[in-house]
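**Student:** Here is how the chains run, residue by residue.
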Amino acid sequence: MVEWTEFERTTIQDIFSKMNYDVVGQQSLARCLIVYPWTQRYFGNFGNLYNAAAIMGNPMVAAHGKVVLHGLDRAVKNMDNIKATYAELSVLHSEKLHVDPDNFRLLGDCLTVVVAAQLGAAFTPEVQAAFQKFLAVVISSLRRQYQ
Amino acid sequence: MLSNTEKELIVQIWDKMLPVAEEIGSEALLRMFTTFPKTKTYFSHLDISPRSEHLRCHGKKIVQALAEGARNISTLTTTLAPLSRFHAYQLRIHPTNFKLFNHCILVTLACHMGENFTPVAHAAIDKFLSAFSAVLAEKFR
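These protein sequence lines map, in sequence, to chains A and B. 1 is the number of the first residue of the first sequence in the UniProt record's numbering; add one for each residue after it. 1 is the number of the first residue of the second sequence in the UniProt record's numbering; add one for each residue after it.
Treat the hints with care, as some may be off.
Label-pair ranges, simulated between beta-carbon atoms [stated by the list, open to error]:
1. A:A121 - B:E138: 32 to 40 Å
2. A:V91 - B:V20: 46 to 54 Å
3. B:Q12 - A:D102: 46 to 54 Å
4. A:F46 - B:T77: 47 to 55 Å
5. A:A122 - B:F140: 32 to 40 Å
6. B:Q12 - A:T10: 46 to 54 Å
7. B:K7 - A:Y146: 16 to 24 Å
8. B:K38 - A:S17: 29 to 37 Å
9. B:R141 - A:D102: 18 to 26 Å
10. A:T5 - B:N116: 32 to 40 Å
Just so you know, the hints here were simulated from the structure itself, not pulled from any lab data. Here a beta-carbon is modelled for each residue, glycine too, at the ideal position from N, C-alpha and C.
Just chain A, with the same shape it has in the complex:
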């Protein structure tokens, strides 16, 4: 069972309640595909991903980024039971999507950078630590059903 401090809970709820999921989702996924181009292997049917401008303007990337953020929202609303909340999603990523779980951390890192750019100085080291702990739990839960 993951132990959350009061500060960590409040921080996570605070960040996500103020977040525009559509924008952040698009920016994070696009950034991941640009900074770590090998992640494009999972999006073969997304059309034009030839360069940064194409990726940033791609409507399928935007739509999927939104899906990912709304998926993350389920963990935000169930912080005490992320493992169970993501059991099905974990199987999906492993058995159907065949995503190398090492790539989860890359998307998580890009999401962190997007949030940092938006919050600026408010994204203090302590806030960053709480945010990254949350993402680590999410990623660990998504990896769980891989076998």
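We have chain A already, so just place chain B on it with the hints.
**Tutor:** Just chain B, lined up with the frame of chain A:
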């Protein structure tokens, strides 16, 4: 592989960071110590509390070295040879820690540059930091 555009972007960004080397460097270190507490084990000989003299001084050294590397990207191995030896034979840092610190540099840049830290800039800096770390870890074995 860095394109010429990326090399220029990298030099531009580090040139902007040099005047505030102390602030950027110490912030990146502090972020790393806070998010990844195990990294503190390498600094038991220093006072790494927020705003400490040691933290600011050390942060400044790191940013200065990064800026130097940025200006000499095509000769990183020669430019960084002394630092490379130092990291291999004296510091002996577990290589995974380079990635953790690089990530915290990226986060620090994002916080300070906001939307100017574009995906293209992010990619360029990440590639640069990976190349830089690889040279630092070159002599490990």
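**Student:** Against the earlier hints, flag every one the structure doesn't satisfy and list their numbers going up.
**Tutor:** 3, 4, 6 and 7
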